[in-house]
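Construct the entire structure; sequences and hints are all you get.
Okay, so the sequence shown: first residue is 28 according to the working numbering, each after it adds one.
Quick caveat, the hints were computed from the structure, so don't treat them as lab data. Don't take every hint at face value.
[Stated by the list, open to error] List of simulated lysine-lysine pairs, DSS-like, C-alpha gap at most 30 Å:
(1) K482 x K125
(2) K548 x K575
(3) K225 x K419
(4) K506 x K491
(5) K548 x K578
(6) K205 x K452
(7) K172 x K575
(8) K659 x K679
(9) K508 x K172
(10) K63 x K49
(11) K172 x K618
(12) K466 x K58
(13) K64 x K617
(14) K143 x K482
(15) K508 x K58
(16) K506 x K49
(17) K575 x K535
(18) K325 x K269
(19) K578 x K679
(20) K43 x K69
(21) K617 x K578
(22) K508 x K43
(23) K177 x K542
(24) K329 x K399
(25) K177 x K466
(26) K177 x K508
(27) K205 x K450
(28) K542 x K575
(29) K220 x K264
(30) K64 x K49
(31) K267 x K342
[What the hints assert, rightly or not] Label-pair distances were calculated between CB atoms; the ranges are:
(32) M138 x K482: 31 to 37 Å
(33) L401 x A469: 48 to 54 Å
(34) T304 x A469: 38 to 44 Å
(35) T420 x D234: 19 to 25 Å
(36) S286 x M336: 18 to 24 Å
This structure is a prediction, so every number in the text was calculated from the model and none was measured. Beta carbons: idealized from backbone N, C-alpha and C, even for Gly.
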Amino acid sequence: MTSVCGHAMSLDFTGKYNNWDKVDPAELFSKAPTEKKEANPKLNMVKFLQFEARGCDVVVLWLDCDKEGENICFEVLDAIQPVMNKGNVKDQTVFRAKFSSITDTDIWNAMNHLGKPNQNEALSVDARQELDLRIGCAFTRFQTKYFQGKYGNLDSSLISFGPCQTPTLGFCVERHDKIQSFKPETYWVLQAKVFKGKDNPLTLDWDRVRVFDREVGQMFLNLAKTSGEARVESVSKKEKSKQRPQALNTVEMLRVASSALGMGPQHTMQTAERLYTQGYISYPRTETTHYPENFDLKGALKQQINCPMWAEEVKALLSDGINRPRKGTDAGDHPPITPMRAASEGEVGSDGWRLYEYITRHFIATVSQDCKFLQTTVDFVIGTEAFSCTGKTLISPGTDASIPVHINNICQRNYVTVESGRKLKPTNLGVVLVHGYYKTDAELVLPTIRSAVEKQLNLIAVGKANYQQVLQHTLDIFKRKFHYFVDSITSMDELMEVSFSPIAASGKPLSRCGKCHRFMKYIQAKPCRLHCSHCDETYSLPQNGAIKLYKELRCPLDDFELVLWTSGARGKSYPLCPYCFSHPPFRDMKKGMGCNECTHPSCQHSLNSLGIGQCVECENGVLVLDPTSGPKWRMACNKCNVVVHFFEHAHKVQVATESCDACEASLVAVDFNKTRTPLPAGETQHAGCVFCDPVFQDLVELKHATMRHAMHRGGGARRGGRGRGRGRRGNPKKPKDKMAALAAYFV
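Here you go:
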């Protein structure tokens, strides 16, 4: 039994079609080929599954019982079937288990009724993935490049479009517009308080409710004031009831968690999935609010009989007989969200318990009697005006009782902010985008077209529509919309011009351009970049760090002034040429590399001059001396976040041309302060290998840099060619015998 950690594969474009600069976004609708790649290459999931499955006769697939789970079934099969034993052609070797909770009863029932994976449901997910990839990337690339090239203060590194994400933003902006356009109107009400003896006063409601003319209100007040007493006209009593809630589905759970528990939708979903995998609740992703006839409601309720918070109510229900839950909607996926076994706060944690408590109380309420109460209404007359007072007496109590991803996306893109009370407020950029979509093509932001697409995808899932035909038809529609959007972009641009500053008017002078030798401006708003207004050129920079001028030194290749990027005092830093960063100068370099990855043979700032040895952790990284770090000297991996501190308080640290005989790392020459030298016999100068030299061994400390953003960890954002240490000597060996010594200082 093993796990796949979600999707094993993800869909992506091949080769050059991942390059924004070389491909027209319109080509992504049809020309650009796609391929399935490992969703997380570091997990090596395909290789792992093949190792587990080698020599097996039969596979039983226990993935989540929804369309996504069905799709993962076929990802697993694609990986393992080539290595499984080839049995008789007639023998069934692939089985699918269907279950909604991780309880003994449900697991045994699933095992005793094994079926086959549903290829139609898997194909509907394939279609959705391809549609979202092609449509989202085409619109995102076009509008990101168009607007970031014109405006300097958009403050968003990606102006993304998504077939689900954008309508979600549309809902927020639509509500925001209504709030902004609402014009409050003053009104007046009459409020009376009546007393009887020493009883507490009763506050009465005016039958006219309110008036919008103050003089008219004053007239009614004067008429009421003519009488000092309130006369009781009638007393009526009526028994009323409040229906018990329908069974719980995902949308209702997210709504209540946000409004009542103060938990964001993504956090709520993660918490619910953890409760599910631990066996406390049933599957938390469901649109159904109707229990199937054979669902063991009594068995689920009995699980709660020993919980002190609701034990009495549960015992009474089991004794008197439970009520059948109200009829809801059967979406054909999973039963409603139900507690499957007892839990405590110590077992599930604070947030887990709050969510579990709500789910359990809601479930108990669904099988309880409707809430019944007696409503008493007393009608009064004061002067000429009628008033009333209503009270309620409880007769029979009841009990209190992928949306997350889209909301999270529009928050990350700086389209909305979360205000107090968990209210979403659109930013200026979010408002302008939605208004622009409405102006060019309202269907891009309305949920109607996505709803129509989902209906087509569901037809694939039930075998009533052809996968390829649905895919092609939908892409044709959005391709026409894309071309119309491109032709009409000036409509949205007119709104942008009002709200944002031109890129030439943004930023502060920082470094000189290598072409015109005038100062370029540093634009700090996301994505941070340099702009030369004279050449009308914009140059990318590494994100999520600080940028400053690097000693007014220049790149020997293009004469651009170098800048220094740093992720903070406890992080790493490296110089870079703004032109080389966007236009790699050598074949073995890729876009987005700094001087610490540059293979220039003689530049004093390059990897070739400052590289010391292969990283002790990652495969492709090279440890490079940070020449700006003194007197707290350090070298840092140019791929991952490993930082090595060494030779503190030394006057000078330089990389020598010689290399270590044992590990091929470059030797380092160190010049210490004579009053603080750690060298024996008061020596101040020594050259040796950082990894192998016994004199240096106690002066080296391995750490992990503090990064501001995950994109800088593990080299994920800027994957280059294989690191070369000192380029003319090829790859240095990893100093395996010294890894233990370095690891002793690992923090």
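Next on the checklist: Output the indices of the hints that this structure fails to meet, ascending.
Outcome noted: No numbers; nothing is violated.
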